[in-house]
Every structure is written in C-alpha cells, then in structure tokens.
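Enquirer: Generate coordinates for the entire structure from the input sequences, incorporating the hints supplied.
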Amino acid sequence: MEQPVTSLETGNTAVILWLEGGHWFQNKMRGIGIREQKTIRLVAKHPFNGPIVVEVDGREITIGRRMADHIITGVPE
Amino acid sequence: MKKIVLMGNPNVGKSVVFSRLTGTNVIASNYPGTTVDFSKGKMCFGKEGHEIIDAPGTYSLEPSNKAEEVAVEMFGQADLIIDVADATNLERNLYLTLQLLEQKKPVILALNMWDEARHTGIIIDLKKLENELHIPVVPTVALSGEGFSDLVRRFDEARSPAEIEPMNDRERWMKIGEIIGNVQQVTHRHHTLRDWISEASIRPLTGVPIALVVIFTALWLVSFIGETLITYIFDPLFTLYAPIVMSISIWLGPGLLHELLIGQLINGEIDYIQSMGLLTTGLYVPFAMVLPYIIAFYSVLAVFEDTGYLPRLATLSDTLFHRFGMHGFGIIPVFLGLGCNVPGVLATRSLETKKQRFIAATLIAISVPCMAKNAMVFGILGSFGMVYVILVFGTLFLVFVSSGIILNRLIKGDSPEICLEIPPYRKPDPLTVLKKTWMRIRWFLKEAIPFVFLGVLLINVLYAVGFVEWLGGIFAPVIQGWFGLPQEATTALLVGFLRKDLAVGMLLPLGMSPLQLVIATTLLTIYFPCVGTFAVMFRELGIRDMIKATAFMAGTAFVVGGAMRLILLGI
Numbered sequence: 001m002e003q004p005v006t007s008l009e010t011g012n013t014a015v016i017l018w019l020e021g022g023h024w025f026q027n028k029m030r031g032i033g034i035r036e037q038k039t040i041r042l043v044a045k046h047p048f049n050g051p052i053v054v055e056v057d058g059r060e061i062t063i064g065r066r067m068a069d070h071i072i073t074g075v076p077e
Numbered sequence: 001m002k003k004i005v006l007m008g009n010p011n012v013g014k015s016v017v018f019s020r021l022t023g024t025n026v027i028a029s030n031y032p033g034t035t036v037d038f039s040k041g042k043m044c045f046g047k048e049g050h051e052i053i054d055a056p057g058t059y060s061l062e063p064s065n066k067a068e069e070v071a072v073e074m075f076g077q078a079d080l081i082i083d084v085a086d087a088t089n090l091e092r093n094l095y096l097t098l099q100l101l102e103q104k105k106p107v108i109l110a111l112n113m114w115d116e117a118r119h120t121g122i123i124i125d126l127k128k129l130e131n132e133l134h135i136p137v138v139p140t141v142a143l144s145g146e147g148f149s150d151l152v153r154r155f156d157e158a159r160s161p162a163e164i165e166p167m168n169d170r171e172r173w174m175k176i177g178e179i180i181g182n183v184q185q186v187t188h189r190h191h192t193l194r195d196w197i198s199e200a201s202i203r204p205l206t207g208v209p210i211a212l213v214v215i216f217t218a219l220w221l222v223s224f225i226g227e228t229l230i231t232y233i234f235d236p237l238f239t240l241y242a243p244i245v246m247s248i249s250i251w252l253g254p255g256l257l258h259e260l261l262i263g264q265l266i267n268g269e270i271d272y273i274q275s276m277g278l279l280t281t282g283l284y285v286p287f288a289m290v291l292p293y294i295i296a297f298y299s300v301l302a303v304f305e306d307t308g309y310l311p312r313l314a315t316l317s318d319t320l321f322h323r324f325g326m327h328g329f330g331i332i333p334v335f336l337g338l339g340c341n342v343p344g345v346l347a348t349r350s351l352e353t354k355k356q357r358f359i360a361a362t363l364i365a366i367s368v369p370c371m372a373k374n375a376m377v378f379g380i381l382g383s384f385g386m387v388y389v390i391l392v393f394g395t396l397f398l399v400f401v402s403s404g405i406i407l408n409r410l411i412k413g414d415s416p417e418i419c420l421e422i423p424p425y426r427k428p429d430p431l432t433v434l435k436k437t438w439m440r441i442r443w444f445l446k447e448a449i450p451f452v453f454l455g456v457l458l459i460n461v462l463y464a465v466g467f468v469e470w471l472g473g474i475f476a477p478v479i480q481g482w483f484g485l486p487q488e489a490t491t492a493l494l495v496g497f498l499r500k501d502l503a504v505g506m507l508l509p510l511g512m513s514p515l516q517l518v519i520a521t522t523l524l525t526i527y528f529p530c531v532g533t534f535a536v537m538f539r540e541l542g543i544r545d546m547i548k549a550t551a552f553m554a555g556t557a558f559v560v561g562g563a564m565r566l567i568l569l570g571i
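Top to bottom, those sequences are chains A and B. As numbered in the numbering used here, residues 1 to 77 make up the first sequence, in order. As numbered in the numbering used here, residues 1 to 571 make up the second sequence, in order.
In case anyone wonders, no lab produced these hints; they're calculated from the structure. Since the structure is predicted, the reported quantities are computational estimates derived from the model, not experimental observations. Note that CB positions come from ideal geometry on N, CA and C, so glycine has one too. Fair warning: there could be bad hints in the mix.
[To be verified] Partial selection, computed: residues in chain B whose CB lies under 7 angstroms from chain A: (1) 60; (2) 188; (3) 199; (4) 202; (5) 204; (6) 206; (7) 208; (8) 318; (9) 414; (10) 417; (11) 419; (12) 422; (13) 425; (14) 426; (15) 427.
[Said to hold, decoys possible] BS3-like cross-link-like pairs, simulated, lysine-lysine; straight-line CA separation at most 27 angstroms: (16) 355(B) with 412(B); (17) 38(A) with 128(B); (18) 127(B) with 66(B); (19) 175(B) with 38(A); (20) 412(B) with 40(B); (21) 40(B) with 2(B).
[As the list claims (entries may be wrong)] Calculated Cβ distances over 12 angstroms to all of chain A for the following chain B residues: (22) 246; (23) 400; (24) 420.
Expert: Put into structure tokens, the structure is as follows:
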C-alpha cells in the first residue's frame, strides 16, 4: 500500500518508495538522509499540523508536515 | 602559504578538528548550525606555515542558507580540503565527499567520531574505502585527539583523483550505494536507554512536560549560580575594595577628576550603583552585577548545547514559531540572544529565507533581553519584589508573541518548513564546557568593559555640558506625557545605546516608583538595540531592512510604553 509517511502510525516502519516533488525538494531530502529504498520509522507526529520526526539509518530527523506529505512509503509484503 | 579548508556536513565536529589543528579555540556544540561564519587559524607542518579555515557545515555544494553560502565560498578559495565526515553516518556524508572530489581540488578524508561508530557496531574497511575514493582516509576522534598525527602526516598524500568524474545526482547516489555495500558492515543494534530518552523528549505528549522541566531547571540554575557568586565572591570583594576607593576619593578631593573617577557621593558615601564614576559604578556594574550572571548563563548554556537538547526543543516549538513566520530552529538564536543579542542575531544565518532572518533578528533585538540587562533587572527591581521582575519579563514575552504575529503578516516572503537533523544525546565533556564558557566570558569582558567605561564617561560629559537637560526638554512630551516617566530618564535611554546594564543603573537615582521602573526597564529593551547588536544587524540585514526594523522598534516602544502607563500607572 502506498501512503505518505505522515499516514503511518507512530512507531511503525515502512520503506520509502519515492519523493514526490521538484529537484530542490528531492535533493534536500536525500542530502539529509531520506532516500528511496530506505527504511523509515515514524517516531513522533506533532499536533496542529506540526512537524513529524522520523528515523532513518538510526538518525532522527524533524521535517515539516507539508514536506513529509510528499515522502511516499510502502509497507513490504 | 596554502589555504586548507575544513568541509563537511553539519554537526560532524569540524570546529573541534579546527581547534585541534590550530590550537585556536572556536565554539563547538552538539547541534547542526553552530558555526555560521568562518574562522581562520594557522598551523605548521613540514617547513611551511599553513592557513586553516573552519567553514560552516553543508550537505552539498548547492547552498540552502546563508551559513552554507559561506561554506561554498570558502571552498572556492581552498588549495586543499580536509573533508570531515561522520563515521556513524558515512553514507549520507559521502554525497558531499563525491561532490568535493568532482571539483578537482586535493582532498583528504577525516572519518571523525570513529569511536562512536565502533560503539554502535559500524565497521568500515578503511583500505577498501581508500581504494574506492582514491584519497587518503584517516579515522579520527576530534574530542580526544586520536588519529590527528596520522591526519597531519598524510596531508601530502591528499589528491584530486582523475578516476572520479563529474556525475549527476542519480549517478552519485548509485556510486555511494556501491561504495557503502563494499566497505561498511552494520551489526544489528538494540534499542538503548539513550534512544528511549531521545524519543521521549521529542514526542509531544512526553516532550512538552520534559521541556518545561528542563527550561525551568535551567533558569533556576542560572539564578542560583549567579546569586551564589555574587553573595560569596563578588560582593565580598567589593566590600574589601570600598575603603580603598574611599581613600582615593578623599585624596582626590572635589573636582573634575573626582567626578570622573569616583562620581557623586550619595549621603557622603560611595554608592556603587548610583555614583557613576569609572572606579565605582564603572567597575561594580560589569564585574559584581553582570559578570556573575554571564558566568552562570554561559556555563548552563554550554551544557545544554553539548548534550544535543536544543534541536529537540526546536522540534517541540516548531508549530508555535510558525505563527511568527519562522520555524522551530528560530528558538536557537533566541536562546543565544538571552546571553547576548549579538551571537543571537548572527545565528539567524542558519534560517533559510530573508523573511525568517529579518523576523528572527528583529524579535531578538526588540524583546529578548540579554543577560547583562537581566542581571540588572533582577538586581534593581528584585529588591522591590519579584512581582515587578515578572511584570517586565511578562510584558516582553507578550511583545515577542504579538510582534511575531504582526511581522509574519507584514513581511512578504517565504517561511519554509523545518528540516533538521537531531543529533544523538552526548555526555558533555567538563573540560570542553569549561573552555567554551571561558571563551564567552572573555568575549564579554573584552566587548563590554570598554563600552561601560565609555558610557560612564559619556554620562559625565553630557551632564557637564548641559546636554542632558536640553535633550530631556525635547523628549519631555513623550517621556513624561506619554510614558509617565521623569524627563531625566531620557539620558538612560541614550546611554542604553552603549550599554543596557549601565542604563538600568542610571534609572535608580531618579526616585521613580517601582511601577515606573518596570515601564522604563521594559522600554529599554524594546526601543533600540545596543550598539553591538545594531552593528551586527546592519551587517546581516543591510541598511534598508535595518531601517525597517528600527522603525518597527520605535513604533512598538511608543505603543507598549503608552499602554503600560495606562494600565500600570492608571494615568
């Protein structure tokens, strides 16, 4: 099932399928470690459309909600 | 002389490497974006001297904020690059490494935090990595100095490999995947207590209470340490000094020199706060009233910075800071501004857009009181009762929030979202904390003392030539009529441009009521930044935005001052 990382339940894990957006967005995400094929875990989701915190490669990263909505993940079968 | 530039991702330890290589201390912390400007130092190896430059961290050679622009500019000037990479996060760090190698400048790779990588079960085959990248790779631990003799010895081997050709993004990531597959093995690691604390402090439900406890503990610690230093060290020292300065006063006799050095005698005695002489107030205010709190604040801040808590606080405050046209990272400049506005304004460089930087710098200047001023507010208003101190800080907090909301509406431009790496928690090293605190105290002494002296001198001269009365007369309608303060308070506002702490001290002899003092000290923060902050804002924002910010401050001071008169004085 394809869904943005923001739709995951807190604590759950998925695989990043693609980054939906322009060159700038993709570069920024990949540069900080959020890349296709990586396993991503949703650590926290802040209320009032606040940022989310994810873990990739053992590193926590805070990302704004709108950007995170464009990180599309899938759950491996 | 060769220029050697340290390049690398944010928070990999470049500044610690720099301090190791040059012996020049620069501020290093455990959060991305500590270094926003370059520092230069020298080191010798072989027969030659070399210039070493510490650049801000960057994820790539395409800058996304002002600090990263500085990094790219420094790269352009380099003859040799020391690429500092985080061994615990090699894959991501290699992106910049490859970009650097494609630029055809000689590079040597320092794999920093080698010890931490080993502890977390990451195994990197150095020989294989050297073969893949065709440059020397040296494991280092900057904090302990491990690997540095190797690093320096191998400078000569740094090269720009012909084997690495310019690539596009996709090719670069493919190449990185290939390299990592060949050189790195990660053993599975279990969740530790550190991970658990890390997650608890960044989740909203547990993180917010933790943040409140942490902030209140920090504030309590600052005031506790400050008060203890004053009671047991600085006040006793000035008690010892009193008879000495009194005998100087008697020896000098009345006259211009007495006015300048000792100042006014209050009821025949020297009053350290009110006398306004170079040897009395000029020494007492910076050393006995402000310095203790500077020591307290910066030692607590250093511990804070080095644990890695600040990026978590930035995450928790993100939603709130979006209302002010910034994102959560904005809380870091605000925090630094509580020590001194100058580094606070400088730290706004890590924000991405002009709008964010303008709002952050203006809010700091208008409503974040520096420790020098805070110390005086506590010292003077505290004696009337804590409620007055709370009134000042409460008002400033309201000004911060409402100015933020207004500026967010007024200023055009983008407010991009947060995208911030959260460093692992680390135990602060006592020696590093001490060193960093000492560097900041030294900076305070060097920057503050001359301005305190200048301020005292200016006050005496201005009184002597009658300028104070003249100016007071001009501003009387505003100061007296609108703010409800005695017209002599104008001088304090004028001196506040040089030093805010001294200005607070000047309010005391005017015989104001505590509520008038609340208005005056609050206005002293809002109306205009001190000369140091003014200079750095001018440099960071440019003249047009500086004028805009100043107009906003004057307007806010006018509105807030009038409102406070109505509410507090009821006239």
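Enquirer: Hint by hint, note whether the structure agrees.
Expert: Hint-by-hint comparison with the structure:
1. 60: 5 angstroms, holds
2. 188: 11 angstroms, violated
3. 199: Holds, about 6 angstroms.
4. 202: Since chain A brings a Cβ to about 5 angstroms from residue 202(B), closer than 7 angstroms, the hint holds.
5. 204: 5 angstroms, holds
6. 206: Given a least distance of 9 angstroms, the restraint on residue 206(B) is violated.
7. 208: Since the shortest Cβ distance to chain A is 10 angstroms, the answer is violated.
8. 318: 5 angstroms, holds
9. 414: This interface hint is violated because 12 angstroms lies over the 7 angstroms limit.
10. 417: 2 angstroms, holds
11. 419: Holds: closest Cβ of chain A sits about 5 angstroms from residue 419(B), inside 7 angstroms.
12. 422: Holds, because the Cβ-Cβ distance from residue 422(B) to chain A comes to roughly 4 angstroms (cut-off 7 angstroms).
13. 425: Cβ of residue 425(B) sits 11 angstroms from chain A, so the hint is violated.
14. 426: 14 angstroms, violated
15. 427: Cβ of residue 427(B) sits 18 angstroms from chain A, so the hint is violated.
16. 355(B) with 412(B): 7 angstroms, holds
17. 38(A) with 128(B): 24 angstroms, holds
18. 127(B) with 66(B): Given that 27 angstroms is the threshold and the Cα spacing comes to 37 angstroms, the pair is violated.
19. 175(B) with 38(A): 16 angstroms, holds
20. 412(B) with 40(B): Distance of about 36 angstroms is beyond 27 angstroms: violated.
21. 40(B) with 2(B): Cα-Cα ~12 angstroms, so holds.
22. 246: 58 angstroms, holds
23. 400: The assertion about residue 400(B) holds, with a minimum of 20 angstroms to chain A.
24. 420: For residue 420(B), whose nearest Cβ neighbour in chain A is about 5 angstroms away, the distance does not exceed 12 angstroms, so it is violated.
Comparing the model with each earlier hint shows violations of hints 2, 6, 7, 9, 13, 14, 15, 18, 20 and 24; every other hint is respected.
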